[in-house]
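Protein chains in written order, with my numbering: chain F, 1 to 503; chain Z, 1 to 364; chain G, 1 to 294.
Don't read these hints as lab results, they were simulated from the structure.
Hints may be right or wrong, so weigh each one.
With a straight-line Cα cutoff of 30 Å, these simulated DSS-like cross-link-like pairs (lysine-lysine) come out [stated by the list, open to error]:
#: 1; chain 1: F; residue 1: LYS133; chain 2: F; residue 2: LYS116
#: 2; chain 1: G; residue 1: LYS265; chain 2: Z; residue 2: LYS252
#: 3; chain 1: F; residue 1: LYS160; chain 2: F; residue 2: LYS11
#: 4; chain 1: F; residue 1: LYS116; chain 2: F; residue 2: LYS63
#: 5; chain 1: G; residue 1: LYS116; chain 2: Z; residue 2: LYS93
#: 6; chain 1: G; residue 1: LYS158; chain 2: Z; residue 2: LYS252
#: 7; chain 1: F; residue 1: LYS395; chain 2: G; residue 2: LYS158
#: 8; chain 1: F; residue 1: LYS133; chain 2: F; residue 2: LYS63
#: 9; chain 1: G; residue 1: LYS265; chain 2: Z; residue 2: LYS247
#: 10; chain 1: G; residue 1: LYS116; chain 2: G; residue 2: LYS265
#: 11; chain 1: Z; residue 1: LYS247; chain 2: G; residue 2: LYS158
#: 12; chain 1: Z; residue 1: LYS247; chain 2: Z; residue 2: LYS93
#: 13; chain 1: F; residue 1: LYS160; chain 2: F; residue 2: LYS133
#: 14; chain 1: F; residue 1: LYS11; chain 2: F; residue 2: LYS63
Here are the in silico distance ranges between beta carbons for each label pair [said to hold, decoys possible]:
#: 15; chain 1: Z; residue 1: LEU317; chain 2: F; residue 2: GLN316; range: 32 to 38 Å
#: 16; chain 1: F; residue 1: SER113; chain 2: Z; residue 2: GLY161; range: 27 to 33 Å
#: 17; chain 1: G; residue 1: LEU257; chain 2: Z; residue 2: ALA100; range: 28 to 34 Å
#: 18; chain 1: F; residue 1: ALA333; chain 2: G; residue 2: PHE64; range: 46 to 52 Å
#: 19; chain 1: Z; residue 1: ALA26; chain 2: G; residue 2: LEU110; range: 53 to 59 Å
Beta carbons are placed, not taken as given, at the ideal position from N, Cα and C, and that holds for glycine.
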Amino acid sequence: MSTGERLLEVKGVSVQFEGLTALRAVDLSLAPGEIVGLIGPNGAGKTTLVNVLSGFQNPAEGKVLLGGVDVTRWTPFQLCRAGIGRTFQAVRLFANFTVEQNIELAGVGAGLSRHKAREQTRDLLARLDMGDKSEAMATALSYGEERWVGVARALAGNPKFLLLDEPAAGLNPAEAASLIDRISAIRRDFGCGILIIEHNMPLIMGLCDRIQVLAQGQTIARGTPSEIRSDQSVRQAYLGSESRSPAFRARPPSPSVSPAPLLSVSELHVAFGAVRALRGVSIEVRRGEFVSVIGPNGAGKSTLMNAILGLVRAQQGCIQFAGQLLDRQAVEARVEAGLALVPEGRRIFGALTVAENLEIGATTRHRRDKTGFDIGHVLDYFPILRERLRSPAGKLSGGEQQQLAIARALLSSPQLLLLDEPSLGLAPLIIDQVYEILARLNRDGSSVLLIEQNATRALAASDRTYVLRNGVIELAGRSTELIDDPRFDHAYFGFVPEKAAAL
Amino acid sequence: MRPLLGYGERLWTPLALCLLLAAIVAAASFGSAGTQRIVTDALIKLVVVVGTYIFVGNSGVLSFGHIGFMGIGAYVAAWLTIPPETKSFLLPKLPGLLAATEWPASLAAVAAGAAAALFAFIVGLPLMRLSGISASIGTFAVLAVVNAVLSNWTSMTGGQGSLYGLPSYTNLPVATAWAMLAIVIAWIYQRTAYGFRLRSTREDETAAKAAGVDVHRERLIAFVLSAFFVGVSGALYAHFLGVVIAKEFYLKLTFMSIAMLVIGGLTSLSGAVLGVVVVSSLGELLREVERGANLGFLTIPARPGLQEVVLAAALLLILIFRPRGLTAGRELPPPRRWMARRLYRHRDPVPAHPSKADIHGSSA
Amino acid sequence: MSEALQYLLDAINVGGLYALMALGIGLIFGIMRLINFAHGELVMAGAYAMWLLIDLPGPLVIIFAIAAVMLLALAVERAAFRPLREATPATLLVASFAVSYFLQNLTVMLFGARPKPFAFAAQLADNLLIGGFRVPALQIVSLVLIIAALLILILLLKRTAIGVQLRAAAQDPTAARLSGVRVNRVIGFAFAVSGALAWIVSLIYAAQIGQLSPNMGVRPVVIGFVATILGGLGSLSGAALGGFVVGAIAVGLEAVLASDLRPFKEAFLFGLVLFVLLLRPQGIVATAALRERV
């Protein structure tokens with residue numbers, strides 16, 4: 001029975017970044033020996049909450065209490081010494097240190113001498129079954145080993161509370177499954193309270209005593225795994241709400257879809273260091289089609305977009321566009337060839353006026369024949385921008401910025417318009433507007449490739465959909481059929497919500 | 001590149017570096033007085049660079065301000081060692097206590113280091129809160145402030161004029177002793193928990209904080225320790241030249257010390273030493289060429305400025321092609337045979353129960 | 001009254017000069033996150049160019065000198081900074097320091113270390129009589145040049161296509177590339193413009209001090225650097241503002257400080273930099289590219 005004396009608690013915490021509310025009056029408590037899962041779609045504020053707990057983020061409101069003591073304004077190293085250990089999404093090992101030195105450092109940080117810290121390190125490595133790796137350089141490890149060293153480093157500080165940020169990210173299913181045993185063993189052997197942020201549902205459901213669900217900065221559900229599994233609001237938070245407009249229920253097929261593929265991606269492998277973001281992904285977009293790629297966080301959707309545009313390099317596989325092989329072509333060249341991306345987060349030029357933003361979008365126009373979209377034409381699609389031509393783009397609302405970003409992309413007269421999470425951070429009514437514009441564009445002949453976390457919208461808007469999870473295409477097909485496909489939930493979440501999963 | 005666990009590794013690097021120095025110095029002691037002066041000058045620079053390395057190499061924060069500490073050290077040495085008669089002529093407004101003192105140069109050198117260290121502590125308290133490029137810019141501001149004060153505080157420093165009359169204390173043995181001391185202390189520091197913690201902040205500041213490292217404190221400790229040695233080097237320089245001039249302690253020396261560090265390799269002690277050796281040697285070679293040479297059939301005209309041009313070009317090339325420096329951040333590796341022997345000695349596990357080999361006798 | 005007017009004129013002149021330096025530095029920093037110490041050597045090169053070309057007719061000297069400085073700026077970008085595009089800010093800082101040192105000493109090698117008299121446009125030293133006041137022609141000319149330069153810069157950045165591209169790339173280079181902006185061209189444009197700004201400074205500054213020397217660019221670049229920091233790295237209007245503020249402070253200090261404290265005004269300026277850095281350590285260099293996400 002844990003009293004308030006031994007809890008790690010967060011009460012009424014709110015955090016704001018530049019007008020965006022990352023957390024809104026969130027409560028959480030963690031007792032020693034508990035394993036609590038923290039889940040929620042992209043942008044829910046999970047990492048921000050962990051940053052507040054570990055001292056990297058000061059909340060605008062609310063308190064953090066450790067054993068009843070107010071530690072809200074404590075610095076990260078003070079919290080570490082008080083018993084809070086954490087891992088990072090990006091692991092952040094000390095690259096020029098060996099494995100042993102990485103873990104030894106945490107012991108030294110907690111106040112041990114180097115000698116004692118080394119002893120503790122040998123002990124830990126043996127317990128975690130990694131003794132043979134102690135002298136390897138941190139950069140020479142596989143991704144799974146790297147993440148595990150990160151956990152060992154957090155444990156070396158003798159934490160009472162362990163905060164794990166996406167421990168299973170980038171791991172293959174077998175590695176992820178073994179995490180359940182390993183983390184349970186940590187709870188058993190070290191007795192600490194463990195908070196896990198994860199998107200890997202089977203892991204969370206199999207491991208946690210209780211689960212808290214965040215969406216858009218607020219807690220929307222709490223309970224045991226089986227309660228959360230059957231909670232419809234959770235499912236909706238992930239998949240997105242349906243549009244209220246009836247026009248979206250039944251989508252008319254695209255008028256003229258030619259069978260020849262405009263874009264073809266085959267067997268694409270993209271890795272960042274030891275992280276395999278895409279493992280053999282193949283998709284296709286035909287001329288005139290509206291294709292969407294949906295999937296949970298960390299699936300690799302943005303990586304796919306970036307690879308198509310040339311912002312990241314693929315290790316294997318090939319990308320063909322309009323008959324050309326896009327191998328070493330620079331980004332600028334791909335844009336001239338007819339690809340246009342509306343990036344995640346919109347990334348408009350806030351310091352420039354709306355008109356200047358559009359001018360930038362039209363940069364490639366003068367180098368080609370002046371067909372396709374010109375500014376007047378584009379403003380027909382986005383009348384609201386016409387009124388705001390002289391305003392600095394940074395002053396526009398979220399929805400207007402999204403429209404501007406799309407308009408800017410259109411001005412390069414693309415053959416294929418790519419959009420990365422256009423609904424992120426927008427209110428449902430605004431999302432309606434944006435999707436209406438996309439539908440119009442597609443009807444008028446533009447080919448569209450869309451990636452979305454908001455699966456419901458994407459399915460309603462597109463001709464065909466791919467479900468991408470963990471770097472692999474799990475399911476593909478006509479959007480209208482996919483919604484009702486019994487395999488969908490498993491493909492998206494990795495488990496089936498309504499049924500009790502057999503462990 | 002695997003680090004070893006034995007005592008051998010712990011002592012090898014400073015030992016080898018000191019031996020290298022000893023060899024160079026021994027060779028120079030048979031040379032002319034001119035050669036000895038050249039080597040002494042290089043040894044003073046070594047104290048500067050190793051001192052700077054203690055902070056820059058371990059924290060990863062590039063400092064442009066250390067030559068300011070050198071200037072402070074030089075002036076403290078001047079205040080403490082110029083004979084009172086000369087002092088009263090050069091600096092008539094100097095406060096009575098300073099005007100009357102005349103300390104032995106060795107003591108003054110330590111005082112110079114201490115003064116620089118104290119200044120570094122005061123300035124470092126706020127400055128070490130900055131990270132990355134802001135910190136570097138801040139250290140540059142410190143250099144500029146120190147230079148402006150030293151150049152203009154006429155009553156205390158003689159302003160733009162030079163202070164002369166310092167006893168000549170810095171000869172070859174003295175410079176060598178200080179250089180070796182700097183190397184040994186730098187090595188000891190980076191092996192302690194303090195140096196270890198600081199180096200983790202160089203690798204990843206965020207992860208280090210989360211692992212319990214007080215970044216501000218560790219940086220401040222290194223900053224003060226490095227300032228001590230650079231302050232001492234200022235005194236050594238003053239006693240070497242016999243003259244202290246404020247404008248010496250500004251951009252030219254800063255560039256040279258940074259170039260030496262970067263070319264040798266910012267993140268290793270061996271890099272700091274190697275950088276000094278390489279750049280000094282190259283500099284001497286070029287100085288000969290600069291003077292112009294009469295090779296009998298060919299007269300190369302004198303071209304002052306050549307040394308600096310080549311140094312700058314070398315630095316740029318290193319930055320572009322080998323940004324981690326000549327040593328790429330590694331320390332001097334021990335000789336192989338010794339390494340293998342040590343390796344095996346530490347690899348054998350101590351048996352918990354007697355093994356068969358122990359009972360029946362090993363056949364190995 | 002006339003003294004106050006004199007101080008005002010001084011402040012605008014000095015401030016304007018510093019503003020031009022700060023803009024030259026700020027332009028490059030905005031687009032490359034590089035603090036270009038070698039900008040001072042562009043100023044020096046302008047003075048030496050005018051000295052070398054002194055026998056040509058006036059307008060030709062100006063044209064060729066501007067061209068020479070712009071070419072030097074482009075050469076420096078191509079040879080030293082382009083290979084370092086992906087390097088850390090600290091590496092870039094050291095590299096620009098190296099380029100500066102290189103150019104200074106190359107000048108020593110080619111022309112010797114001794115200062116030479118600056119004879120171009122010697123008429124600028126004359127005094128004009130305006131409304132009963134004696135005003136050096138140089139002050140009027142520099143005022144005109146400074147205002148013209150600022151206006152042309154604003155025009156370039158707001159009205160030309162490449163100027164808009166520059167501002168976009170300075171804010172978000174990836175998004176600019178995604179719109180097809182050719183980043184290399186834009187960077188070249190920035191360097192060329194900074195070269196032109198440097199030439200204006202070299203004319204005014206060399207005429208003011210009456211001589212040229214290999215290390216004449218050090219003081220202006222250091223002051224320009226201070227102005228950029230105060231005004232905010234990454235913001236061009238901030239850089240210009242910083243320049244005027246520094247000029248006003250410098251002139252103000254000259255007027256206000258007791259005579260024995262006057263030499264310390266540089267120490268004061270740098271102390272101000274430290275103060276600003278400490279108050280807003282994230283604020284000054286808080287461009288998105290430099291902020292780390294945990």
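Outcome of the hint check:
1. LYS133/F <-> LYS116/F: Given that 30 Å is the threshold and the Cα spacing comes to 19 Å, the pair holds.
2. LYS265/G <-> LYS252/Z: holds (22 Å)
3. LYS160/F <-> LYS11/F: holds (19 Å)
4. LYS116/F <-> LYS63/F: It is violated: about 35 Å lies between the C-alpha atoms, which goes past 30 Å.
5. LYS116/G <-> LYS93/Z: This hinted pair is violated, its Cα atoms lying about 37 Å apart.
6. LYS158/G <-> LYS252/Z: violated (40 Å)
7. LYS395/F <-> LYS158/G: Satisfied, since the Cα-Cα distance of roughly 19 Å is no more than 30 Å.
8. LYS133/F <-> LYS63/F: violated (41 Å)
9. LYS265/G <-> LYS247/Z: Since the Cα atoms of LYS265/G and LYS247/Z sit roughly 17 Å apart, the hinted pair holds (cutoff 30 Å).
10. LYS116/G <-> LYS265/G: holds (28 Å)
11. LYS247/Z <-> LYS158/G: Roughly 43 Å separates the two Cα atoms, so the pair is violated.
12. LYS247/Z <-> LYS93/Z: OK: LYS247/Z and LYS93/Z at ~21 Å, within 30 Å.
13. LYS160/F <-> LYS133/F: holds (26 Å)
14. LYS11/F <-> LYS63/F: holds (5 Å)
15. LEU317/Z <-> GLN316/F: 32 to 38 Å: Given a distance of about 35 Å, which is inside 32 to 38 Å, the answer is holds.
16. SER113/F <-> GLY161/Z: 27 to 33 Å: At roughly 52 Å between Cβ atoms, GLY161/Z and SER113/F fall outside 27 to 33 Å, so the hint is violated.
17. LEU257/G <-> ALA100/Z: 28 to 34 Å: Holds - the Cβ-Cβ distance for LEU257/G and ALA100/Z, about 32 Å, lies within 28 to 34 Å.
18. ALA333/F <-> PHE64/G: 46 to 52 Å: With Cβ atoms ~37 Å apart, the hint is violated.
19. ALA26/Z <-> LEU110/G: 53 to 59 Å: At roughly 41 Å between Cβ atoms, LEU110/G and ALA26/Z fall outside 53 to 59 Å, so the hint is violated.
Of the numbered hints given earlier, the model fails hints 4, 5, 6, 8, 11, 16, 18 and 19; all others are met.
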